Amino acid sequence: MSRPIRVLVAKPGLDGHDRGAKVVAAALRDAGMEVIYTGLHQTPEMIASAAVQEDVDVVGLSILSGAHMTLFPRVLQLLREQGRDDVLITGGGIIPLEDMEALEQQGIGTLFGPGTPTTALIDYIREWFAARQAQGA
Amino acid sequence: MTTPTELDPTLAAMRDELDRLRAEVEAWRARFAKGEVRDLAYTNSATEVAPLYTALDLEGSAGTAFEVPGQYPFTRGIHPTGYRGKLWTMRQFAGFGSAKETNARYKFLLKEGTTGLSVAFDFPTLMGYDSDHPRSEGEVGKCGVAISSLADMEQLVEGIPLGEVSTSMTINGPAIILWCFYLAAAEKQGVPLAQLRGTVQNDILKEYMAQHAWCFPIEPALRLIVDMFEFGAKEVPQWNTVSISGYHIREAGATAAQELAFTLADGFTYVERGIARGLDVDDFAPRLSFFWDIHNDFFEEIAKLRAARRIWARHMKERYGATSSRSLIMRFHSQTAGVTLTAQQPMNNVVRVAYQALAAVLGGTQSLHTNSMDETLALPTEQAVEVALRTQQVLAYETGVPNVIDPLGGSYYIEKLTDEMEAEAERLFEEIAGQGGVVPGLETGWFQKKIAESAARQQWEIEQYRRLIVGVNAFTTEECALEIPLLKIDEQAAKDQAAALSRLRQTRDNARCTAALDRLREAARGTENVVPFILECARCYCTLYEIRAALEDVFGAYREPVFF
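Listed in order, the protein sequences are those of chains A and B. Numbering of the first sequence is given in this note's numbering, commencing with residue 80 and proceeding in unit increments. Numbering of the second sequence is given in this note's numbering, commencing with residue 567 and proceeding in unit increments.
No lab work stands behind these hints: they were computed from the structure. Since we're looking at a predicted model, the values are computed, not measured. For every residue, glycine included, the Cβ atom is placed at its ideal position computed from N, Cα and C. Mixed in with the good hints there might be a few duds.
Label pairs and their calculated CB-CB ranges [unchecked claim]: (1) Y963(B) to T189(A): 28 to 38 Å; (2) Q1030(B) to E183(A): 43 to 53 Å; (3) D164(A) to D1119(B): 52 to 62 Å; (4) G1092(B) to E183(A): 14 to 24 Å; (5) G679(B) to D164(A): 30 to 40 Å; (6) L176(A) to G844(B): 54 to 64 Å; (7) E113(A) to A1040(B): 26 to 36 Å; (8) D164(A) to P1006(B): 23 to 33 Å; (9) E113(A) to D1119(B): 34 to 44 Å; (10) D1056(B) to E133(A): 46 to 56 Å; (11) E730(B) to E113(A): 34 to 44 Å; (12) A760(B) to T189(A): 55 to 65 Å; (13) E1029(B) to E133(A): 44 to 54 Å; (14) M125(A) to G756(B): 39 to 49 Å.
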């Protein structure tokens, strides 16, 4: 029996554009996932510690400030340091394609740009989760 | 009482004509009702739109039949001469990397015909952090220019005569500090403060509502703004001390009607706070300006701007007792809607921006920023900015549009929609009053929830194909759309900024700084106007964060209500 997928939606850094994060959080919740939203202006440390405390499967970061090359790797590193490299780090925002590719090389999951239907993100998370469950079983 | 028909045969004839029209419209409706007219259509704000508007739609409303531009209630424009007297200001928002790079972009824009500066700050600056603060890591110079002290401001405006340009600064939480940096830079150029022209956005209410670059809790933040009203009215009389902004509210998800009503409600709140301070409304209201988002629904946007002017004038006169016409007129800047730009097929954005710019001009904007086609992907390149500016120049010089004032005035549809926008705004004002007003509505998250609900609904409509976006959910192409070069911001600005700040802290008069910050804390604790104290901090090169921290010592920090 599959349990609900737990997702932390977080806004790292200083940018205040939370429209996308809130739309995504609501869509994931409506898709049956358990969603925690951090609010704005979170440091990578705050996000990693919330992810561990809440024991989430997925961390979704929304970054529209251009600081993605700093913030994604930092959250990834902090989660790895706490032994949580099983957590999927995904997200979206204003992120050029080549930066998305570079981040994926480093171990970040798929990143989504403007205009993505929320269904694409929901499918991606479900598929990733099913694959991880299959591996663990 | 006699009926008008008994007095005047021409009115009787007109009544007969209206009756004839009514019959014709009924017949038209009967003929086309079944299938030949697309069933239902809505504006972007979900107002139902009829397929045809006639004189019948304006029965019971005069529209603007008896109005000329430049006269109360200013529906048709604030200037009697429209764009014949003065074209709108083409003001392109710009800023990235270091003050030096941005200074070069400004000189380029001025040379290319832009007529006002508009400063985009990076996120650390917007939040009141110095470039070398730990929270600034990865963000310095990315979304705007980094300004951490008067030294950076001096470099930003180097070689630009501040007595001759008008400068708009998009800064809110720490607006009072950046304004003082600018005033101090002008002093160093030898330009009297009274000659300075420009705007600080300084609209903190919409920060709590939508854009979220805040520093202090709501009440002390409002006090700082009223301090600026007071100081500005006396010392910097040509400066707009607040630009009451719908832009970010709309971008965050609000409908046009919500943008209109929430923004005006913010404006009324500032007026009430100014009056509560004991200021004469006619002393500060003339320096209030507005900033609107120009979205895709062409006629709705025009109607919104016309309604906004009328509502502001009426409330200022009837509710707040303003008498000077300078207090009644709503001057505003417009920007095309960033949120309508698509990452898919980005060249299409040029077309969206052009239509939106046309709506802004038909709505009578005083200044305009046109977005660049690549802004959903990165900060704009110089070529993309140039196309955006040329879009305005084509509109201004080739289309003939600016020749006639309020050329859509008298259109049945535009007048009806203007009336409807006004009525909807009044209805929303009542809802806001029911929440206890703007400040309580922010504290409970009521506004934030309304905006988030609208955003979620729009996303749903797109995913259900009820709202078509070319290139996104209609007319999509397989190949990856990105064929345009992007601007890259490296980490050099951050390194240079850190080095410069460290030098600054060694070379400035630190004892004078400490004393200035102490005096500021003391003033903040009392009721004195803090502007002169912050200006003194600026002059002796206290940094942005030092000044923010001194104020935070007294005021505390803001905590947002978190929900989704």
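Now for the hints, and whether the structure bears them out:
Between Y963(B) and T189(A) the Cβ separation comes to about 46 Å, which falls outside the hinted range of 28 to 38 Å. The given range of 43 to 53 Å is broken by Q1030(B) and E183(A), whose C-beta atoms sit roughly 30 Å from each other. The supplied range of 52 to 62 Å is broken by D164(A) and D1119(B), whose beta-carbon atoms lie about 41 Å from each other. Between G1092(B) and E183(A), the C-beta spacing of about 55 Å breaks the proposed range 14 to 24 Å.
Checked against the hint of 30 to 40 Å, the C-beta distance between G679(B) and D164(A) comes to roughly 54 Å, which is inconsistent with it. Between L176(A) and G844(B) the beta carbons are some 56 Å apart, a value that agrees with the proposed interval 54 to 64 Å. A C-beta distance of roughly 34 Å is found between E113(A) and A1040(B), which places it inside the suggested range of 26 to 36 Å. Range check, D164(A) to P1006(B): about 45 Å between beta-carbon atoms, so the 23 to 33 Å window is missed.
The beta-carbon spacing between E113(A) and D1119(B), approximately 40 Å, falls within the hinted interval of 34 to 44 Å. Hint check: D1056(B) to E133(A), Cβ distance near 35 Å, so the stated range 46 to 56 Å is violated. Remark: the range hint 34 to 44 Å for E730(B) to E113(A) is contradicted by a beta-carbon distance near 59 Å. The given range of 55 to 65 Å is respected by A760(B) and T189(A), whose C-beta atoms sit roughly 56 Å from each other.
Take E1029(B) and E133(A): their Cβ atoms lie about 28 Å apart, and the range 44 to 54 Å is violated. Taking the beta carbon of each, M125(A) and G756(B) are about 47 Å apart, inside 39 to 49 Å as hinted.
Hint check: violations occur at hints 1, 2, 3, 4, 5, 8, 10, 11 and 13; the rest are consistent with the structure.
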